[in-house]
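Engineer: Here is what each chain is made of, one letter per residue.
There are 4 protein chains.
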Amino acid sequence: MPLTADQMAEVAEAAASRTPTARPVAAALEPMLFQPIPVLDHGFVRVIDYMGDDAAVVQSARVSYGRGTKAANEDRGLIRYLMRHRHSTPFEMCEIKYHIKLPIFIARQWIRHRTANVNEYSARYSVMDREFYIPAPDKLAAQSSMNRQGRGDTLQGEEAARVLQLLRDDATRCYDHYIDMLNEDEQGAPLDAERSGLARELARMNLTLNTYTQWYWKIDLHNLLHFLSLRADAHAQYEIRVYAQAMLETVKAWVPLSYEAFADYRMGAVTMSAQMMGIVKRMLAGEDVQQPTSGLSKREWRELMEAIGRA
Amino acid sequence: MPLTADQMAEVAEAAASRTPTARPVAAALEPMLFQPIPVLDHGFVRVIDYMGDDAAVVQSARVSYGRGTKAANEDRGLIRYLMRHRHSTPFEMCEIKYHIKLPIFIARQWIRHRTANVNEYSARYSVMDREFYIPAPDKLAAQSSMNRQGRGDTLQGEEAARVLQLLRDDATRCYDHYIDMLNEDEQGAPLDAERSGLARELARMNLTLNTYTQWYWKIDLHNLLHFLSLRADAHAQYEIRVYAQAMLETVKAWVPLSYEAFADYRMGAVTMSAQMMGIVKRMLAGEDVQQPTSGLSKREWRELMEAIGRA
Amino acid sequence: MPLTADQMAEVAEAAASRTPTARPVAAALEPMLFQPIPVLDHGFVRVIDYMGDDAAVVQSARVSYGRGTKAANEDRGLIRYLMRHRHSTPFEMCEIKYHIKLPIFIARQWIRHRTANVNEYSARYSVMDREFYIPAPDKLAAQSSMNRQGRGDTLQGEEAARVLQLLRDDATRCYDHYIDMLNEDEQGAPLDAERSGLARELARMNLTLNTYTQWYWKIDLHNLLHFLSLRADAHAQYEIRVYAQAMLETVKAWVPLSYEAFADYRMGAVTMSAQMMGIVKRMLAGEDVQQPTSGLSKREWRELMEAIGRA
Amino acid sequence: MPLTADQMAEVAEAAASRTPTARPVAAALEPMLFQPIPVLDHGFVRVIDYMGDDAAVVQSARVSYGRGTKAANEDRGLIRYLMRHRHSTPFEMCEIKYHIKLPIFIARQWIRHRTANVNEYSARYSVMDREFYIPAPDKLAAQSSMNRQGRGDTLQGEEAARVLQLLRDDATRCYDHYIDMLNEDEQGAPLDAERSGLARELARMNLTLNTYTQWYWKIDLHNLLHFLSLRADAHAQYEIRVYAQAMLETVKAWVPLSYEAFADYRMGAVTMSAQMMGIVKRMLAGEDVQQPTSGLSKREWRELMEAIGRA
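Residue numbers (my numbering), protein chains in the order written: chain A, 1 to 311; chain B, 1 to 311; chain C, 1 to 311; chain D, 1 to 311.
Among these hints, one or two may not hold up.
Within a straight-line C-alpha distance of at most 27 Å, the following computed DSSO-like cross-link-like pairs (lysine-lysine) qualify [what the hints assert, rightly or not]:
no., chain 1, residue 1, chain 2, residue 2
1, A, 298, C, 281
2, B, 281, D, 281
3, A, 281, A, 298
4, A, 281, C, 139
5, D, 281, B, 298
6, D, 281, D, 298
7, C, 281, C, 298
8, D, 298, B, 281
9, B, 281, B, 298
10, A, 281, C, 281
Chain B stretches covered by chain A per the calculated footprint, using a threshold of three residues with CB under 8 Å from any CB of chain A [to be verified]:
no., stretch
11, 51 to 57
12, 210 to 223
Keep in mind the hints are simulated off the structure, nothing from the lab.
Where a beta carbon is used, it is the ideal one built from N, C-alpha and C, also for glycine.
Using the sequences and the hints, build the whole thing.
Structural biologist: The structure is reproduced here in structure tokens:
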């Protein structure tokens, strides 16, 4: 993730400038602005801009003329009520913009969330950086034997070493050939004057899916929280979860009351079907309910046992 | 549109506060923040918050680390290029939030633009204000005889007076009965302790469509410009066009380069079909083309003549 | 809601025609096509077209070449799994189109769901029908004293009679004046040749919010189920809930497996926060938890007691 | 693109079945249903389902009870009017669903259109096919020296041969190693019982971007036409343009009137700025306008000359 000296200078300059504004300012987020938070081996997340704060949620929920109540406690109560009852539109009134560097195979998963604005670095127009994601040894998981889209134990010893070697070699060789076919270097300067280069829009197809790309990504708070609830979840793939976790820290600094309500009512929340609630009621009434008489499938029964801590 | 003394105090307080921020600041827009711009007889538009500026458009088009070029001229050229070639995603990277007071029948037209975030004042929850739109006498247009959804001459004399009287009387009577059915006053205080009031969610149905409502409305720059290109256009209904015109002023202060490119390439632009372009080419080659030999329908021919200033 | 003889003939003709297609056909929905299901006093819902069925959900979840499994039971299991775990994209692969007649104040609530396609009857272009929603006497609810946006007891006797009279008189008078100002009758024929008529786009503002409008409304199955989960819920306003209930019947005929999964996992489902689950676990372990030691606010405690049937 | 015998049997079975429906049927599209149209070396597009036809556009524009006018000519005129004046909502009332096989680097460009529903084949869950896009020799373009995101001449001789060899070798080697790391074959059967396999969600990162993926993609007619106007355009990358061209044929069979209006008013259309129109008017009045006195930049002047056929 090391930025170049030029990039670091640009970041430092932006972070150091201060201009007065009449807009709401999120004091705890300001020092984080523009600073890359490292993620994976070469990736990062950094906040570029934001609009609104917790008071803006309250203000738009009330369609009021000023900035919410004087009593911070009333604001907290309202925000918790809105979150608990899924009144989502007031949370849409805050917006945040990130600059993110991430491996292409993760970018492909990420982009499925269609409610954000995106500008991605163009490999039709520019040369891609020589950076690939290679998992840390303790993240080199085997296929789960239980869950078709999950991970099992970590690969060990020779097997792990071999996989890492293959990943590294293939990504490097493909990138070298990409540069060779382009006939230009990473800064876009021509290499061999005697021959043409393959069009950038074609040469890029030789890169492997762990090559890093980057984009500007802008989203409102409601849709961001939805994204984070899915991607910071234990079922999400590790490589996207670490981005979601880094972003959670920025949300906490930006809108602490909304973050707290989200943590309480969404992150740890469980949705119980009518049948599941019926069984809980029978259990609370003292009945010893077992799966065969529960009316639930084995799979659902297992999910219920997990939820009530009996798994 | 007169705000109450309390509301004016809240606006003044918000406008007077200044806090330093590391975010981009649009200097010319800051003094306009929170200030209601009057529209129609009781309506207004006011900017509540914004994110980004012209440099943010450039920055995201380039997916760059800093704030665009040092050379302002290059930024202008790029923004004009993006606008001309309808590269819309960089303009999605700026966002603005308005508080708007407008008649319900205009709100119904407005809400058809689905790409914005909206929080409307709730008539299920609160009592509506006693404010109705009554057109100024010179805006009291007759139905156009040419265009089924257009306006013709202005109504005059007795006929105009009669219409104004009907609009005023009906709106007032319906509002009085609304309050009566609610059995509470405009501040929500109970009136007659002896009887119940009709539920607010029902009583509201007695109001006329010129009653004013209000909402917070947030949108990105690309979609705002699309909205404005339709609603500031001469074919838009006058009562929504005046809102669009007020908003154009805020856009001009916020992102002057994007505004200029929009004015040049979108507001006065004409889309010519392949057939129309073929006729223009024949005319430029000196041919005297007439409708019957043009291949265009009479209606399209009229549209072409207008576009080339021969109507 | 009575359609004219012409409209009924058009509906009958469309319903009677049969053409062979290679597309999936939802046998139980076909006989319902085009038939208006009456809602409220003059409204209706009718299915105009649909795309896909339960097998299409399975097919797109598997990105398969044919129409899902031979074993209907496997399809059911997969659909239930997708619904339970909120894998929503396969449900987006089915689409339905309705023609709906509804009061304007309900249309305003409805249109807040932005994920549908809509074409509304244009009052700028055409004359509105003389039809207003007047609640049935047993639906004439007083304002709730507990809940600012809820209903309480039903108004009785003279008070009820008076409200109904006001609603009826005001809507009728406003509509009469609308026609008068337009100077044309309900079919758009001119009335008094001596005078102009007010532009339709202006005259409409004199109508009351219980006037009926109509639209074509098209939405995918996932977003429809989200809409229905909110609007068929006991907390939704009665006047929109009856539309949602009518639509649930069409969903049941169209995609019975998806409907069943929705009924089981969404309609009766409860979302429990981490804190609430913690209390349930303590209760199941035999502890006698009370609100003061629960860590929940009184409001949340009440919500929990309701969920576990102790309210 | 050869489907397996099983897949071909499934396609044939679906295509051969016929069931009566009361819905609108697009007669010319029915025989195309389910049939893969080959694109590139291993890709295809096939129509899986559709909703509505030209008459449905008319019907929703009019919010009518029946299926549009009896006079086909009036329908044509209305559809052309709607297209010319960009009244887009009636075109949103038709929907189509495709199954598409395409290289990942093209899928990444394609997915930027956010208004469609998508289900992609999951490489977290399943093993990817051994299929890569290798350009035909006459499509092996050099980088344009004029346009940073365009193509120039075709590579020749040894240079071309070398590029093709690199593309083929790298894709094949990466895929072989992918299978090796997975420790399962293309059908998901285990290979070496002695060792674990890397999790599918990780192994996929070793694939090159020309590997084929596939998805179900569903979109309304308005947004499809917007997609096609961008992607069937001469400026679009060849590898996505061929998909757009194949889809245009399906649109022509599905909604011939809408297709014709689209071809006339959108595909060959030119948007002229107010300044450009001013120059055209001066030229039509006989003035010999040159770039220096035109007020246009050199680039815009060149664009204008192209539009009026003087380039």
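Engineer: Hint by hint, note whether the structure agrees.
Structural biologist: Hints, one by one, checked against the model:
1. 298(A) to 281(C): holds (21 Å)
2. 281(B) to 281(D): holds (12 Å)
3. 281(A) to 298(A): Satisfied, since the Cα-Cα distance of roughly 19 Å is no more than 27 Å.
4. 281(A) to 139(C): This hinted pair is violated, its Cα atoms lying about 33 Å apart.
5. 281(D) to 298(B): holds (21 Å)
6. 281(D) to 298(D): holds (19 Å)
7. 281(C) to 298(C): holds (19 Å)
8. 298(D) to 281(B): Given pair residue 298(D), residue 281(B) holds - Cα atoms ~21 Å apart, limit 27 Å.
9. 281(B) to 298(B): OK: residue 281(B) and residue 298(B) at ~19 Å, within 27 Å.
10. 281(A) to 281(C): holds (12 Å)
11. 51 to 57: holds (count 3)
12. 210 to 223: Since three or more residues must qualify, the claim that chain A covers the stretch 210 to 223 of chain B holds, with 5 doing so at under 8 Å.
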